[in-house]
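S.K.: Starting from the given sequences, assemble the full structure and let the hints guide the process.
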Amino acid sequence: KYERSFNTLQNLISGLSEKEAQNALNNAVCKDKNHEEVSLGLLFIILTDPQSAAKSYRDLTLITRDGLSLVLLHLTQLISQRYLRLTDIARTQLLWLMREMIRNAVANVDNLCWNLMRHAAGGDVSPRNIMLVEALLDIYQENRSWLDKFPVLIASVVYAYLRLIEDHAGPTLAALRHKEVAFVVTLIRERFTDCLVIGRDFVRLLQNVARIPEFEQLWKELLTNPKSLCPTFTGVLQLLQTRTSRRFLQSRLTPDMETKLVFLTSSVRFGYHKRYQEWFQRQYLATPESQSLRCDLIRFIVGVIHPTNELLCSDIIPRWAVIGWLLTTCTSNVAASNAKLALFYDWLFFEADKDNIMNIEPAILVMHHSMRSHPAVTATLLDFLCRIIPNFYPALADKVRAGIFSSLRQILEKRVLPSLFPLFDNPKLDRELRTMVREAFKEFCLPPPTEGRKLEEFNSGVHLNVKEEPMEPMMEIQENHTPSNNHLGDTEPVFSDDEEDQSAPMSTPIPRSTEDEEDDDDIPLAKVRLKEKPIVSEGKMQESELDIVQQLEGDFRIAVETLHIERDNEANHFFMFLKCSIVWGLITKFFKSTPDGSLENYFFK
91 KYERSFNTLQ
101 NLISGLSEKE
111 AQNALNNAVC
121 KDKNHEEVSL
131 GLLFIILTDP
141 QSAAKSYRDL
151 TLITRDGLSL
161 VLLHLTQLIS
171 QRYLRLTDIA
181 RTQLLWLMRE
191 MIRNAVANVD
201 NLCWNLMRHA
211 AGGDVSPRNI
221 MLVEALLDIY
231 QENRSWLDKF
241 PVLIASVVYA
251 YLRLIEDHAG
261 PTLAALRHKE
271 VAFVVTLIRE
281 RFTDCLVIGR
291 DFVRLLQNVA
301 RIPEFEQLWK
311 ELLTNPKSLC
321 PTFTGVLQLL
331 QTRTSRRFLQ
341 SRLTPDMETK
351 LVFLTSSVRF
361 GYHKRYQEWF
371 QRQYLATPES
381 QSLRCDLIRF
391 IVGVIHPTNE
401 LLCSDIIPRW
411 AVIGWLLTTC
421 TSNVAASNAK
431 LALFYDWLFF
441 EADKDNIMNI
451 EPAILVMHHS
461 MRSHPAVTAT
471 LLDFLCRIIP
481 NFYPALADKV
491 RAGIFSSLRQ
501 ILEKRVLPSL
511 FPLFDNPKLD
521 RELRTMVREA
531 FKEFCLPPPT
541 EGRKLEEFNS
551 GVHLNVKEEP
561 MEPMMEIQEN
571 HTPSNNHLGD
581 TEPVFSDDEE
591 DQSAPMSTPI
601 PRSTEDEEDD
611 DDIPLAKVRL
621 KEKPIVSEGK
631 MQESELDIVQ
641 QLEGDFRIAV
651 ETLHIERDNE
661 ANHFFMFLKC
671 SIVWGLITKF
681 FKSTPDGSLE
691 NYFFK
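The sequence shown: position 257 = 347 (our numbering), numbered continuously.
Source of the hints: derived by calculation from the structure; they are not laboratory data. Every residue, glycine too, gets a C-beta built ideally from N, C-alpha and C. Errors might be hidden in some of the hints.
Stated by the list, open to error - Calculated lysine-lysine pairs in the DSS-like style (CA-CA distance at most 25 Å, straight line):
(1) Lys269 / Lys310
(2) Lys121 / Lys91
(3) Lys145 / Lys109
(4) Lys121 / Lys109
(5) Lys532 / Lys489
(6) Lys310 / Lys350
(7) Lys123 / Lys109
(8) Lys444 / Lys489
(9) Lys145 / Lys91
(10) Lys269 / Lys239
(11) Lys489 / Lys317
(12) Lys145 / Lys121
(13) Lys317 / Lys350
(14) Lys489 / Lys310
(15) Lys239 / Lys317
(16) Lys518 / Lys532
(17) Lys364 / Lys350
Said to hold, decoys possible - Here are the computed distance ranges between Cβ atoms for each label pair:
(18) Glu441 / Cys120: 26 to 36 Å
(19) Glu304 / Asp139: 35 to 45 Å
(20) Leu313 / Ser142: 24 to 34 Å
(21) Ser356 / Lys269: 20 to 30 Å
(22) Met221 / Gly325: 50 to 60 Å
(23) Ser356 / Pro217: 30 to 40 Å
M.R.: Written out as structure tokens, the structure is:
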């Protein structure tokens, strides 16, 4: 299409003088179709021919009839869908064009900047990426007065560069890092009100760069004199209690990463996902510098990818499995600690009326499902959860404890897990950790209450409260064949998913509150209706059943009555089997006397 437009443009102005060419272009753009073709033809020249770019941009501004809206639309599509395929010349010219449009105050260039800044990837110190990071930084510094007009872009720039500074610690990037630090600190101090909208992830990123002297000084002011930064700022707790917008979490993944993660969590069946994970690992997580990207991926999965109830009930790979894979394949201790914090970050100051259950669901399910095949993963996450309470920020330890306790209560209320006792007091955990967990989460370490009843109580119509236990049968998931549309070979598993508990919310819808559905900033990938998990019904002992048991004699009757009040669920199941056996025995004994055994045969069938 671009090439066709370029050829049309050449046919219009070929052999004409500059003045005649201007007249020809102005006459041609009177028609809508020609306006688009001429505009794209000039854009084609700008992106491919640096020598003619200035003249073509001048012609473009003269003949445009929509304030360059059409050009901006096509540039946005190029950046979002084709940026990785652009040549180095086209990338350089794209930055030149964006700088010119900012200088000319073209409307909506801020959106173009936001989309292009997404390609400044974290965990990537390749020359191409560094060139983009530095070029964007220069554009923002040169056009600071323009940048100040867009509060949302300011917050996005601060969020992006705080994240990128963490990666630029090498000696070869010292000059770039110095420029980044100076610019970001100045922007935070002068536009702190705009930065407040980032929320709790603003604090998380500031923690990662806290040892840099300029940020160390900023931290002192945040903690000891917050009003010096903004008169309405009350302290770091204000930020920590504000949930970060999905827009910020999304901005730290390139469009290509986002597309692949969304595909993985919405279209790939459990058991067929390993090849996709291996491909993603090779593409984005293969270098030591890329380990810091895991935090961005986990925050995106936790805060942005919110599957519908239909998806939760399907056999698509769940979020907890993808996060478990990201945790277990991490090769850096620092990155692993930061990844665990990224996973639990919404727990620390969770408020049921403001936050979303979907932000805390993946962490509890990673621990729950890892207990069988990877207990060490569960152990390290539980240990982290216990230690984060007093150590995250000692002055707010009570608030952190309250947030985590609120998260756990919400998990039980929404039936993400029926009980936390099997997780917190599991024999696979070592004694020291179990003691620590019991001390930290005493109220959640009690076994679920059950009520036994003596058999005689049911004569007066007393209900039996049946203990609800998570079902334990396991499902082996194997890759027996390769889908026909797959282009990658089988690989060895990195995060085991051989076992799956059938009580898991992979097949249990998570009820959402009305607030969750109406929150503009937290609309799931598809809207869903409220779905509650069915409550286990209570049953009565029927009189006929009592009569059967009363017909028994001696030790056999005592044993059956003992089984009835037994607390263990397996014993209750065995008792049901025994009752069926007794009933069948009585039926066959009663009908043995029939001459032809017809009734006996009928009942047998």
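S.K.: It remains to establish, for every hint, whether it holds in the given structure.
M.R.: Hints, verified against the model:
With a C-alpha separation of about 22 Å, the suggested pair Lys269 and Lys310 falls inside the 25 Å cut-off, and the hint holds. A hinted pair counts as satisfied when its Cα atoms are at most 25 Å apart, and Lys121 with Lys91 qualifies at roughly 18 Å. For the hint linking Lys145 to Lys109, the alpha-carbon distance of about 13 Å falls within 25 Å, and the restraint holds. Between Lys121 and Lys109, the direct Cα distance comes to roughly 20 Å. Compliance with the 25 Å bound is thereby established for this hinted pair.
Among the hinted pairs, Lys532 with Lys489 is consistent with the structure: their alpha-carbon atoms are about 17 Å apart, no more than 25 Å. Between Lys310 and Lys350 the CA atoms are separated by roughly 40 Å; this puts the pair beyond 25 Å, and the hint is violated. Distance hint between Lys123 and Lys109 is fulfilled; the C-alpha atoms sit about 23 Å from each other, no more than 25 Å. Simply put, Lys444 and Lys489 have alpha-carbon atoms about 15 Å apart, close enough for the 25 Å limit, and the pair holds.
Proximity of Lys145 to Lys91 is assessed by CA-CA distance (about 22 Å); at most 25 Å being required, the pair is judged to hold. For the suggested pair Lys269 and Lys239, the alpha carbons sit about 22 Å apart, so the restraint of at most 25 Å is met. With a CA separation close to 22 Å, the supplied pair Lys489 and Lys317 stays within the 25 Å bound. Taking the CA atoms of Lys145 and Lys121, the gap is about 23 Å. The hint holds against a cut of 25 Å.
The straight-line distance between the Cα atoms of Lys317 and Lys350 is roughly 43 Å, outside the 25 Å bound, and the hint therefore fails. For the suggested pair Lys489 and Lys310, the alpha carbons sit about 21 Å apart, so the restraint of at most 25 Å is met. Only pairs whose Cα atoms come within 25 Å are accepted, and Lys239 paired with Lys317 is accepted, the gap being roughly 23 Å. A C-alpha spacing of about 19 Å is found between Lys518 and Lys532, which places the hinted pair at or below 25 Å, so the restraint holds.
In summary, the hint linking Lys364 to Lys350 is supported, as the alpha carbons are separated by about 13 Å, within the 25 Å threshold. Between Glu441 and Cys120 the Cβ separation comes to about 59 Å, which falls outside the hinted range of 26 to 36 Å. Checked against the hint of 35 to 45 Å, the pair Glu304 and Asp139 passes, with Cβ atoms roughly 42 Å apart. Between Leu313 and Ser142 the C-beta distance comes to about 55 Å, which lies outside the given range of 24 to 34 Å.
Evaluation of the 20 to 30 Å hint for Ser356 and Lys269 yields a failure: the beta carbon distance comes to about 39 Å. Checking the proposed 50 to 60 Å range against Met221 and Gly325 shows it is violated: the Cβ atoms sit about 39 Å from each other. Between Ser356 and Pro217 the CB atoms are about 34 Å apart, so this pair conforms to the stated range of 30 to 40 Å.
Checked against the numbered hints above, the structure violates hints 6, 13, 18, 20, 21 and 22; every other hint is satisfied.
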